[in-house]
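Undergrad: Sequence:
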Amino acid sequence: MRGRPGTTFGLAAGSPRSLAFNSRAPIVVPGFLRQGRVLRVAIITGAGSGIGAAVARRLAKPDARLMLHGQGSDAAGLSRLQTIAGECEKAGAKVGTSTGDLAKAGTASALVSAAREKFGSIDWVVHAAGFADRRGFGELPREGLERAFAVMAASFHEMTSAALSDLKRPQARVVAVSSFAAHRFTPDSTYPGSGSAKAALEVLVKCLAIELADTGATANVVVPGFTRKDQGLTGALDAAAWQKVASANPLSRLAESDEVAAVIAFLLSAEASHVTGVSLPVDGGLTLI
1 MRGRPGTTFG LAAGSPRSLA FNSRAPIVVP GFLRQGRVLR VAIITGAGSG
51 IGAAVARRLA KPDARLMLHG QGSDAAGLSR LQTIAGECEK AGAKVGTSTG
101 DLAKAGTASA LVSAAREKFG SIDWVVHAAG FADRRGFGEL PREGLERAFA
151 VMAASFHEMT SAALSDLKRP QARVVAVSSF AAHRFTPDST YPGSGSAKAA
201 LEVLVKCLAI ELADTGATAN VVVPGFTRKD QGLTGALDAA AWQKVASANP
251 LSRLAESDEV AAVIAFLLSA EASHVTGVSL PVDGGLTLI
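Going by the numbering used here, 233 is the number at position 233 of the sequence shown; the sequence numbering is gapless.
Simulated from the structure, these hints should not be mistaken for lab results. Fair warning: this is a prediction, and the values are worked out from it, not measured in the lab. Don't be surprised by glycine CBs; every beta carbon is placed ideally from N, CA and C. Possibly wrong hints are sitting among the right ones.
[Claimed, not checked] Quick list of in silico lysine-lysine cross-link-like pairs, DSBU-like style, CA-CA up to 35 Å: (1) LYS168 to LYS244; (2) LYS61 to LYS90; (3) LYS168 to LYS206; (4) LYS229 to LYS244; (5) LYS90 to LYS104; (6) LYS104 to LYS206; (7) LYS229 to LYS61; (8) LYS229 to LYS206; (9) LYS61 to LYS168; (10) LYS229 to LYS104; (11) LYS104 to LYS168; (12) LYS229 to LYS90; (13) LYS61 to LYS206; (14) LYS61 to LYS104.
[Unchecked claim] The calculated label-pair distances, taken between Cβ atoms and stated as ranges, are: (15) ASP101 to GLU271: 34 to 40 Å; (16) SER161 to ARG135: 38 to 44 Å; (17) ALA270 to VAL203: 36 to 42 Å; (18) THR190 to LEU251: 36 to 42 Å; (19) ARG135 to SER252: 35 to 41 Å; (20) LYS229 to LEU251: 15 to 21 Å; (21) ALA240 to CYS207: 23 to 29 Å; (22) ALA246 to GLU146: 41 to 47 Å; (23) ILE210 to ARG135: 30 to 36 Å; (24) ASP214 to LYS61: 29 to 35 Å; (25) PHE266 to LYS229: 21 to 27 Å.
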């Protein structure tokens with residue numbers, strides 16, 4: 001699919017492969033020198049807010065080619081994604097945006113196709129898409145569990161499987177964002193839906209790390225604790241609950257999205273070339289207690 005810069009491409013609404021693609025920049029070949037810089041192509045899911053947005057901002061440099069994905073299910077979410085894209089472009093990155101429900105089969109692989117169409121081979125994948133579901137064990141319907149697994153685990157498998165031929169190169173990096181909910185269980189804090197989906201995601205990442213190991217590529221997980229939401233977003237907790245959890249870890253404060261993004265950026269870097277298959281807590285010590 002080709003068009004003039006600024007053209008938006010999409011498949012039929014409601015299609016399992018429904019994906020809107022914003023074409024803004026010429027195709028370049030990643031991993032090659034251009035004006036003395038090595039270009040890197042990254043897919044970032046969950047890029048419209050929180051940790052995903054912080055990763056996008058941190059990676060946004062003139063040598064970056066970023067495909068930013070958000071669900072885009074409402075005008076506010078779409079506006080947030082477009083705002084992040086604009087910030088990244090101002091920092092010098094070339095940016096594409098895509099929207100679609102990752103719970104639907106085909107959306108993740110279409111995202112990979114869109115990134116290749118715009119930029120060429122994929123170097124990095126950051127899977128930050130997800131949500132917290134606080135419904136208890138007996139309250140959680142099968143449909144809720146299935147959606148959590150579809151968005152957080154199944155879409156990761158579909159996306160990285162589609163990109164696998166690109167990822168089997170020494171410079172390739174995969175980082176997925178999990179949650180303390182896959183590791184910490186207390187009477188007043190269990191997440192059977194999203195927590196079990198994140199646990200499945202971690203297993204998939206470790207299996208991918210083995211798959212990629214003989215190529216020099218790496219796959220890792222970051223495990224955030226309670227992390228401050230963007231202004232206007234509350235997530236699964238109300239204001240009183242956020243005040244309570246802010247002091248739940250030994251450091252007695254919430255994590256900032258950019259603190260988690262900094263760890264992700266390290267895992268994407270050449271300095272982390274001997275780190276693979278790990279689940280790294282970024283939680284202020286929450287999982288110590």
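Undergrad: Each hint: holds or not?
TA: Hints versus structure:
{"no.": "1", "hint": "LYS168 to LYS244", "result": "44 Å, violated"}
{"no.": "2", "hint": "LYS61 to LYS90", "result": "9 Å, holds"}
{"no.": "3", "hint": "LYS168 to LYS206", "result": "15 Å, holds"}
{"no.": "4", "hint": "LYS229 to LYS244", "result": "15 Å, holds"}
{"no.": "5", "hint": "LYS90 to LYS104", "result": "32 Å, holds"}
{"no.": "6", "hint": "LYS104 to LYS206", "result": "24 Å, holds"}
{"no.": "7", "hint": "LYS229 to LYS61", "result": "24 Å, holds"}
{"no.": "8", "hint": "LYS229 to LYS206", "result": "28 Å, holds"}
{"no.": "9", "hint": "LYS61 to LYS168", "result": "24 Å, holds"}
{"no.": "10", "hint": "LYS229 to LYS104", "result": "26 Å, holds"}
{"no.": "11", "hint": "LYS104 to LYS168", "result": "26 Å, holds"}
{"no.": "12", "hint": "LYS229 to LYS90", "result": "24 Å, holds"}
{"no.": "13", "hint": "LYS61 to LYS206", "result": "29 Å, holds"}
{"no.": "14", "hint": "LYS61 to LYS104", "result": "32 Å, holds"}
{"no.": "15", "hint": "ASP101 to GLU271: 34 to 40 Å", "result": "36 Å, holds"}
{"no.": "16", "hint": "SER161 to ARG135: 38 to 44 Å", "result": "30 Å, violated"}
{"no.": "17", "hint": "ALA270 to VAL203: 36 to 42 Å", "result": "27 Å, violated"}
{"no.": "18", "hint": "THR190 to LEU251: 36 to 42 Å", "result": "23 Å, violated"}
{"no.": "19", "hint": "ARG135 to SER252: 35 to 41 Å", "result": "28 Å, violated"}
{"no.": "20", "hint": "LYS229 to LEU251: 15 to 21 Å", "result": "18 Å, holds"}
{"no.": "21", "hint": "ALA240 to CYS207: 23 to 29 Å", "result": "40 Å, violated"}
{"no.": "22", "hint": "ALA246 to GLU146: 41 to 47 Å", "result": "32 Å, violated"}
{"no.": "23", "hint": "ILE210 to ARG135: 30 to 36 Å", "result": "33 Å, holds"}
{"no.": "24", "hint": "ASP214 to LYS61: 29 to 35 Å", "result": "30 Å, holds"}
{"no.": "25", "hint": "PHE266 to LYS229: 21 to 27 Å", "result": "23 Å, holds"}
Checked against the numbered hints listed earlier, the structure breaks hints 1, 16, 17, 18, 19, 21, 22; every other hint is satisfied.
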